[in-house]
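J.: We have chain Y already, so just place chain G on it with the hints.
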Amino acid sequence: MAKPLLGGAMKTESDRPEQILRPGNTNCGGCGMSITLRMLTHAAARQHPVQLVIPACCAIVAPGQYPFSAYGAPVVASTFGSAAAVASGLAQVAHMNGEKTRVIAFAGDGGTYDIGMATVSAAAERNEDILYLCYDNEIYGNTGGQRSSATPFGASTSTTPYGKDILKKDILGIMAAHRVPYAASVSLAHPEDALRKMHYALGSTGFRFLHVLSPCPTGWKAEAAEGIELVRLAVRSGLYPVYEVFGGHRMVINVEPEMSLEALEQYFAKQGRFQKSKVRAEDVRASIERSWRDLRGLAALRKEG
Amino acid sequence: MTIELLSANHAAAMAATLAGRANRTGRGFGGGVYPITPQSECIELLCRQEFEKGEVTRVESEHSAMGVCIGLAVGGARTFTASSSNGLAYMTENVYAAAFYRLPIVMMAVNRTLGPPWNIWVDHGDTLLLRDTGWIQLYCEDNQEVFDSVLIGYRLGEDRRVLLPVLVCQDAFVLSHTMMQIDVPAQELVDRFLPVLDLPHRVLERPVTIGGLDFPHGTEVHRRQHAEAIARAVQVYSECQDEFQRVFGRRPADRIVPYRMEDAEVALVSMGTTAATVRTAVDAARARGVKAGGLRVRMYRPFPERELKEALARCARVAILDRDISLGHGGVLWSETRGVTPRDAVVQNYMLGLGGGDIRPRHITGVIDDILGREEAAEPMIMEVA
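If you're matching them up, the sequences are chains Y and G in order.
This note's numbering puts the first residue of the first sequence at 5, with every later residue one more than the last.
This note's numbering puts the first residue of the second sequence at 3, with every later residue one more than the last.
One thing to keep in mind: the hints can contain errors.
When the alpha-carbon atoms are kept at most 25 Å apart in a straight line, the in silico SDA-like pairs for lysine to any residue are as follows [what the hints assert, rightly or not]:
#1 G:K55 <-> Y:N131
#2 G:K55 <-> Y:H52
#3 G:K55 <-> Y:E129
#4 Y:K104 <-> G:L206
#5 Y:K172 <-> Y:G252
#6 Y:K104 <-> G:D200
#7 Y:K104 <-> G:P209
#8 Y:K172 <-> Y:A290
#9 Y:K172 <-> Y:E227
#10 G:K293 <-> G:P363
#11 Y:K280 <-> Y:S291
#12 Y:K104 <-> G:G213
#13 Y:K104 <-> G:E52
#14 Y:K104 <-> G:R26
#15 Y:K274 <-> Y:S153
#16 G:K311 <-> G:D134
#17 Y:K173 <-> G:S63
#18 G:K311 <-> G:P344
#19 Y:K104 <-> G:V198
#20 G:K55 <-> Y:S208
#21 Y:K282 <-> Y:W296
#22 Y:K282 <-> Y:R236
#23 Y:K173 <-> G:E62
#24 G:K55 <-> Y:D133
#25 Y:K225 <-> Y:H194
#26 Y:K104 <-> G:R208
#27 Y:K104 <-> G:R60
#28 Y:K172 <-> Y:E269
#29 Y:K274 <-> Y:R284
Source of the hints: derived by calculation from the structure; they are not laboratory data.
Just chain Y, same shape as in the assembly (with noise of 0.2 Å):
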């Protein structure tokens, strides 16, 4: 068996022969949920076929217009809040019918921290056998690039232009609560890790989420070729935790970060959307070390499962 190249990110000849997201597509230079889905294309290769529900979002528009499509997977483009609940529907029919279709939400930020938070937190509930991967851009990317309960703190937006005054929602925490089989967050700068989190989600059953924090160079105002970079960054500072939770119990971290105050700099300074509010690594670092104290307290007492 050919060894995945780079964890997965490359095309090899043992992959699904079609991508799940084509070439053709209209997506940005260097959009992290282009890589995402190269990478699920990767996890989901020998396996079961796999159908789509894409809310409102980039990627309902990536695939271009009817009637072509740059998906190589079947896809139904759902209401912005919707996702969840349709997938749920979809799943059903499958599991009625004996099929061993692996249905996946696939919704960006808006429509999982906002807008979908309702449905899927009910699909969660239910423990509907879906995948839920949330690829995270923390903005409303296809709007124009507004604010979300995703953007981070002291980011610039179209409708918070000076820089965003409020912390983002602890997605994870949220739906690791609702004690679901898998939980767990993906970078796209550790594609091992990445590539095995998403090869476990597909496989198992059960209600399953990956929240996938994706570089926007555009919204992000950062050069394409640096969107890997500062996912690393955003680990290696402790800004975004890399860690997996099973049935809301046995807590994983994947990825130590260095807590580095230079990651956190670096971080900050290769964005543009950072620079109106003047945030410095000092100010969100007392936030990043909290919600470490939070993590690592809750790994500690729930490593045995």
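T.: Chain G alone, transformed into the frame defined by chain Y:
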């Protein structure tokens, strides 16, 4: 075939259950359900049913109830849900979506006043809010009609020439909580009436994107196809009536239901249970020599324009009774029906029973007296009956 004593809520749930079981050799049955007064008894009964191949999903909102139906339907299952009033308003985005995806979902709506202020009684404003969504709309006059309309709704909506969702409307409490004798057919008869759903565009493994980005020209084509499909529902409905009669031995009502209209000079047009009260008032008017007649609109979408035009052709006076109001205009039924009335007729709009006021024969008699005394129509009038 058995006769059961059922409320319209339970009648709808029983019909949906039989229709759902009829799809057991197909892709199965399901639906997202969410409670709201006065519909809750319908989904409660549905949640007590067992399905060989099917499941009912208790969701967190009406929006998701329709969302789950969409997912199930796009996967090829037969689907049902029910709602009312503000629940329908909250669901509206996905109500549009269901029709635009061309999914033959059947929904039972209990007509209830939109709030606030909160009012749980009958008013047609909630389902008329959904007038332009591209669904077929049927308004019922009794519980048997609710039951039959759910069954015929599947046959009609699932027909390849139509492929549209169907809304079955009934009046809050007047029907929803009133027990009547219902002829409940055996499963094998329902199986015969409802072939297994075979949705041509259900998602499989073919990499198509359903509901993606559509540019103006694509949308023009899709709207035209949708308009043609809902227009075809007229012919397909009459075929469904024939088939229903062949299988069950009784014939569901036509798109419009006339009462003593043959020589009527004064016509009273209404929807839902108002039509039953109209019949009583028509009889009373006839007894005193007034040539009155009643006309019930059963299928509101597609609008029975041709039938209404023919039925009203010889009427000098047309009273249009709305249990709804389009604020800033008048009754919704009036605003559409007046376009098909004879040019020289006096066409007057009476909005009565708004917010569930009990419409009695004397109110209808008052309407008849009012229109008989008119040389020309006045502005739409709100008649207080409560």
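J.: Against which earlier hints does the structure fall short, listed by number upward?
T.: Those not satisfied: there are none.
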